[in-house]
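*Asks:* Listed here are the chains, written in short residue letters.
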Amino acid sequence: MATNQYLTISDGTTSVTIADGAGGATNYRLLRGTWAPQVAGLRRSQLGGAGQYDDVIEEMQLIVSGTTSEAALTNVQTLNVLMEQAELWYRGDPVSPVLLSYSPRGASTSGTASPLQAVILGRADGDSSAVTLPDVFEDVGQFKYVANVTVRFKRRGLWLHATDAASSSATTNGDLATIILAAAANAQCPTELSLSNIFSDTGATIMPPTICITDFASDIWIRDAEALATGSFAGTADSANYARGGSVLRYTPPDTDGRQTLGGTISITASARNIAVLINYRNNSTTTNFTVTPVMTCGTAPGYSVSGNPFYIEAAATAYPQWRVIDVMGLVSTPYTVSLLVQADAATGSLDIDTIVLVNVSNPASAIVQIGSYPTIDAGTLTLYHNALSGRNPTVAVAGIPMPYYSNPYLTSRAGRLYGVVLQTGSRTDNLNNWRAHDVGSDLYSNTWTATRTNGYLVPR
Amino acid sequence: MISILVFSDSGKTQLLYDFSNQAQDVTFSTNEHGFAVLSFFVPLSFIESFKVYNRAGLPHVHISDRGTTCWEGRLEDVSIVNGGVRLAAFGYQRAMGDVPYTAMWSTSSYADWFVMDNRMSAESNPDQFSFDNNNRLYISPQEGSTQGVTAPARGGRWGFVTPHSGLRNISAITFSYEFSAPSNWRGALQSWGSVYYPVGGSVWGSPTTEWTVSGSGTLQTGGTTLSIAGTAVGLNYLLYYNAGTAIYGSATGTDYLKITNLRLKSTTSGSVFADEIVDNLIAYVNGINSDQISARATLVESPGVDLIEAVYLDLPPSEILNELIQVGDNEDPPRQWEWGVYEDRQLFFRPRGSAGRSWYVDASLVEVNRSLDELENSVYSVYSDESGRDLRGGVRSDAPSIARYGVTRRRGLSVNTTSSATATTYALARLDDRKDITPRSSVIFDRLYDSTGGLWPLWMCRSGDTITIRNLPPSISTALDKIRTFRVAETEYNANDNTLNVTPEAPIPSLQTVDARRNTWRIK
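Chains as they are written, first to last, in our numbering: chain D, 1 to 461; chain W, 462 to 985.
Warning: the hint list may mix true and false statements.
[What the hints assert, rightly or not] Using C-beta positions, here's what the derived DEER-type ranges look like:
(1) W:T563 - D:T318: 53 to 59 Å
(2) W:F511 - D:T252: 52 to 58 Å
(3) W:V829 - D:R32: 53 to 59 Å
[Said to hold, decoys possible] Derived contacts from chain D toward chain W, CB cut-off under 7 Å, selection only:
(4) V95
(5) G264
(6) I266
(7) E314
(8) S407
(9) D443
(10) L444
What the hints contain is simulated information worked out from the structure, not anything from laboratory work. Beta carbons: idealized from backbone N, C-alpha and C, even for Gly.
All chains, please: the whole structure from these sequences, using the hints.
*Replies:* In structure tokens form, the structure reads like this:
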């Protein structure tokens, strides 16, 4: 249990120690009653990149002293330089971030050796400076201290503490991986994710992956599409191309009317209200275009149907499988079946669908991260860095090489377990036609998932 | 959560910036032409700001939410301001305004024909003939003129050339003819693979004879449709005496070649539909700026209306598209059409609202106001007789409207027709549209539902969607019905506040109005 308060502002080299955790004297004493840590609320903005919690404004008054009057003034300047550096860092200058480190008196979770930390973003909006001198400033010449120096700044809302890391077993791409962390967290905490064995290879025959992750097992549902065969939809063997389950669902249009598959029974989280629908498909026709519309049945059987938005699949000069998010559906009650309504603009050609994946994106811990094209490299580890204490933005890298991405890679989680699936097509043997990424020979690629969650708190402890 | 990503180009080759957690005052909008404007501020240092400012190429901005595209466009405006940069991106609809387009697709105008002389073709002698192009092409030898093919051969020619540097050549011609002349006289249609510009600056090359008719001493009539070789940029009708030099002794007008029901096309299609033009516009823009507009034209539908006059001179494709959507289609009643660009830089051309979704909202605030400005409860038509003199039709009024608003507001409607019945139809359509005041409304809501009550992100609402306000009281006013359900003209979403502003569309005109607009429209 922490005996005394610990409170510092530091960039790792220069420090302003307000409370040393041992009750000792410092040159920056907190004026009693002028500060209590702000508790962040949920971010109203829909913009990602920094988690669910809003930034907060901290304001405190310090008595800044020194062995001499000049030393006291130097100490005030040091504080101001750190505040300025924090703002320069947030604006993108190549300087180190400035962290506010804190452990409340009597806390047992945090302490002097492992305080809570939050990155400082600079002065509060609208302020001309983070440091304001008092009217009695001139007294420093007599007393060797400046009383009531006001420090007001903005910081990230979540207090971050120690990390909790765990790895999954090697999981074949396309299957659900499970990561068991030590315990659930108190808030939606930033989570770094690494995936081993992510290949690129020469010839670019492996497509960049789409990563789906959540912290609830029922939030991801994976189904072989051929299970929905009926009528013009037939299960067609394609094990040679590593179709999941050995077959794909093939639609051969008899006309240009819309045709619907069977409804596959869904077992997804009962509270799911926004569900992303992903499929991997291949248009085998160079002339026929298709639209695919997800349809879900909701309520109590027989229930009612809810149709999503049509997803347009164009005729392909070169047909190969690819994963796409075809829709995010909004629902009022839990869906219990999903089917696909497919329509062709000509009674010729065919469309193959191998797998349907549903992700409950109502869960703030759910994320779908699409990696962009990447350069030719050997097998490497793909990492989604949140950079909550070190960077302005999240980053994605493979073997240390920054990767483009198409969505929000700042992952957060709260539950004790994480679940994820890598959706990737192609192979290392110059064959883009494979439904699941595989190595030379017949082995599907397996990935080991490693999650490192930085535990966070809204109320310091 | 929404991501704001800036890539080096529309192919997303390189991710330049992730501004998701830095961007402030983020708003993005849609209008009738797709993704419209994105605006936001990013606090950056001066050096970083200049890096953004000086970036070569045309960066691509992509906004997504949980794998779905919210908005995308091209980063056009970068302003270095106090404390950072203010960025503005525009949807790829703008690409249809980057380069001008010149082409003749179809014309039946006689005004664009000109009398050729020996500067263009050595055998042209206009002073030996009489010409007329008032609703026809007419050539007749003049009494006392010298005729014949003995050098210098003499012929009367009406000429036509496609627009200089135009993108399309003449592919087909349809016409009716009257030819009255004795034997040895010939009428012909010739095509030219190349002409000299400026017209009259030099002799053209050698023509190809596409059609001939020989004099028989009696009046010959007929009509034909001809395919012209794809390289034809010029045509002429020719009348000449196919024998040795002789003096023409008959009165002028005794013998003649007359062409009517004329139509030139630069396509072999029987009719010129807007979708064919749109396909060509897409290919043209893509051919110059391949990364701005997708070459795919699979979202282009056909209105099925034959465009008789379609000649475009140095017009941006966006302007041409704006004209084409006003023509409507061959449905009964005719539908409004729309064009625009949403995902994947793919241009759509389709009936207005055909891809729109229906949303339901609970308004937290409704403001309604009305103005007499647009009220017209009494109309009459203004049309013309065959000599062009203005005629005014009878006044048609709506008594209930006059009683409701306590005033007669009368307007004259100009209609390009010589038929009084047609003019009356248009006037009645106008009256139907304008006899009730359409209130202007402002609606504020903070949640978006579908028909089953499913909750959707606000940004999903787009121009062309339909919104129904669920929590208005039962109809107490016909005016209220006009704001209960409306089509969205524009949307503007603020990502920082998670708020949506929508602009209702102007009332949809009646079928007669659209029909009148189509029939009287001559695209030039």
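*Asks:* So which of the earlier hints does this model not fit?
*Replies:* 1, 4, 5, 6, 9 and 10
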